[in-house]
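J.: Here is what each chain is made of, one letter per residue.
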Amino acid sequence: DGGITQSPKYLFRKEGQNVTLSCEQNLNHDAMYWYRQDPGQGLRLIYYSQIVNDFQKGDIAEGYSVSREKKESFPLTVTSAQKNPTAFYLCASSTTGTENSPLHFGNGTRLTVT
Amino acid sequence: AQKVTQAQTEISVVEKEDVTLDCVYETRDTTYYLFWYKQPPSGELVFLIRRNSFDEQNEISGRYSWNFQKSTSSFNFTITASQVVDSAVYFCALSEWLLTGGGNKLTFGTGTQLKVEL
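From first to last, the protein sequence lines stand for chains B and U. Residue numbering for the first sequence follows our numbering, starting at 1 and increasing by one per position. Residue numbering for the second sequence follows our numbering, starting at 1 and increasing by one per position.
Where hints are given, some of them may not hold.
Quick list of the computed label-pair ranges, beta carbon to beta carbon [as the list claims (entries may be wrong)]:
#, chain 1, residue 1, chain 2, residue 2, range
1, B, 56, U, 57, 33 to 43 Å
2, U, 60, B, 83, 43 to 53 Å
3, U, 83, B, 18, 35 to 45 Å
4, B, 88, U, 83, 23 to 33 Å
5, U, 30, B, 8, 42 to 52 Å
6, U, 83, B, 16, 17 to 27 Å
7, U, 20, B, 98, 25 to 35 Å
8, U, 54, B, 114, 45 to 55 Å
9, U, 14, B, 18, 43 to 53 Å
10, B, 114, U, 118, 31 to 41 Å
11, U, 59, B, 54, 34 to 44 Å
Stretches of chain U that chain B covers, calculated by requiring three or more beta carbons in the stretch to come under 8 Å of a beta carbon on chain B [stated by the list, open to error]:
#, stretch
12, 18 to 25
13, 33 to 46
Simulated from the structure, these hints should not be mistaken for lab results. The model shown is predicted, which means the values in this text are computed figures rather than measured ones. Virtual Cβ for every residue (Gly too), placed ideally from N, Cα, C.
My request is simple: use the sequences and hints to build the entire structure.
T.: What follows is the structure in structure tokens.
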């Protein structure tokens, strides 16, 4: 079945450590996105990528980095510069050919930093 | 800047009641798309519907219906005869089409937690 796989589901890290969240899709979508979800704040866009080897900052990119070396993969690194990294992270993908194409989401990774 | 407001933080209903989730949006674009997503306890967001700004017809899909009113910038979602399985967080989202490269940049509301009890 086609879909988006995020791993791991739960991740625990000590403050000051960088951590990388995995996102893989087999939907053959060109565009991929990372959103952060906090209680009561909805989802906010961190980074997005429309094509391999290119990506753009979203609304809250500070303290995060991404890479897009393969069409299927869009890993997100939460760096030690992110001041409040504990959150639920959702990866998504979509086609780029039609304006009304919905985003397809993975199951998310819940990151806890202590 | 685009904005989506879901004023209802949490709604509780008894099974079989009808419930309407409100969504109000702001945009300067003349062409835009609106979406509704459902987030069950498992965490993933499930796509429910999309509507473009030129189509103000209401839509019905089973127990779900959507009322889009451009004059009031609202895109409300009604569940008829609610069921326990409808319990989830529901998000309304407004899209910004990325002209260079394509893809949809979504602005989400803060979500409405729906609890359906027996």
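J.: None of the hints should be skipped; say for each whether it holds.
T.: How the hints compare with the structure:
| no. | hint | result |
| --- | --- | --- |
| 1 | B:56 with U:57: 33 to 43 Å | holds (34 Å) |
| 2 | U:60 with B:83: 43 to 53 Å | holds (46 Å) |
| 3 | U:83 with B:18: 35 to 45 Å | holds (44 Å) |
| 4 | B:88 with U:83: 23 to 33 Å | holds (26 Å) |
| 5 | U:30 with B:8: 42 to 52 Å | holds (43 Å) |
| 6 | U:83 with B:16: 17 to 27 Å | violated (46 Å) |
| 7 | U:20 with B:98: 25 to 35 Å | holds (29 Å) |
| 8 | U:54 with B:114: 45 to 55 Å | holds (50 Å) |
| 9 | U:14 with B:18: 43 to 53 Å | holds (48 Å) |
| 10 | B:114 with U:118: 31 to 41 Å | holds (38 Å) |
| 11 | U:59 with B:54: 34 to 44 Å | holds (36 Å) |
| 12 | 18 to 25 | violated (count 0) |
| 13 | 33 to 46 | holds (count 8) |
Violation of the numbered hints given earlier is confined to hints 6 and 12; the remaining hints are satisfied by the structure.
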